Amino acid sequence: MCFYSILTVAEKISIQSTNNKNIQLALATVALNASTYIFSSTQLSNHVEPLLSFICIMLDDFSSKNYSEESMTRILIALGTVLLLFTQQKGNAETAKIVLPMDILGKLQALSSVNAAFGQKAKDVANEALSVLSELSW
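Per this note's numbering, residue 12 is the first one in the sequence shown, and the count goes up by one each step.
Because the hints were derived from the structure by calculation, they are not lab data.
Check the hints yourself; a few may be wrong.
[As the list claims (entries may be wrong)] Have a look at the derived ranges for each label pair, beta carbon to beta carbon:
#, residue 1, residue 2, range
1, P112, I24, 31 to 37 Å
2, T47, A104, 24 to 30 Å
3, Q100, T40, 31 to 37 Å
4, K23, N103, 31 to 37 Å
5, I34, K132, 19 to 25 Å
6, D71, Y48, 21 to 27 Å
7, N30, S52, 31 to 37 Å
8, S16, K132, 28 to 34 Å
9, K101, N138, 20 to 26 Å
10, N138, G102, 22 to 28 Å
11, S16, K101, 20 to 26 Å
This structure is a prediction, so every number in the text was calculated from the model and none was measured.
Don't be surprised by glycine CBs; every beta carbon is placed ideally from N, CA and C.
Could you put the whole structure together from the sequences, leaning on the hints where they help?
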């Protein structure tokens with residue numbers, strides 16, 4: 012399927028990632044657009060886990076590179092959208108089973124501790140994503 016191919020290519024670019032701000036913003040935009048598209052289409056619900064994996068790669072990458080506030084905000088909005096979709100479709104307990112091994116909570120907490128570099132908007136979105144995670148049954 013074309014959607015999965017796009018995620019695969021974006022993931023490869025992210026892994027080989029550069030410090031180019033335009034590429035970083037483009038990858039964050041892919042994640043944001045994909046999460047929005049999946050959220051609005053019930054036919055693509057089986058692509059939530061691959062998208063969540065891609066977002067996790069991006070979150071890992073954020074800690075090692077200097078991303079812009081806009082890139083960070085987009086990837087965090089994508090994460091929140093995927094988490095909301097996942098909890099709506101699978102329930103809190105099932106979502107927790109998927110999210111826990113990916114250590115998304117730890118990644119968000121680590122990012123929130125260095126939030127000054129990413130700006131207030133990214134901090135606010137990270138707090139919203141943390142609130143979604145806090146509602147899960149751990």
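Ascending list of hint numbers which this structure does not respect: Of the numbered hints given earlier, those the structure breaks are 1 and 3, listed in rising order.
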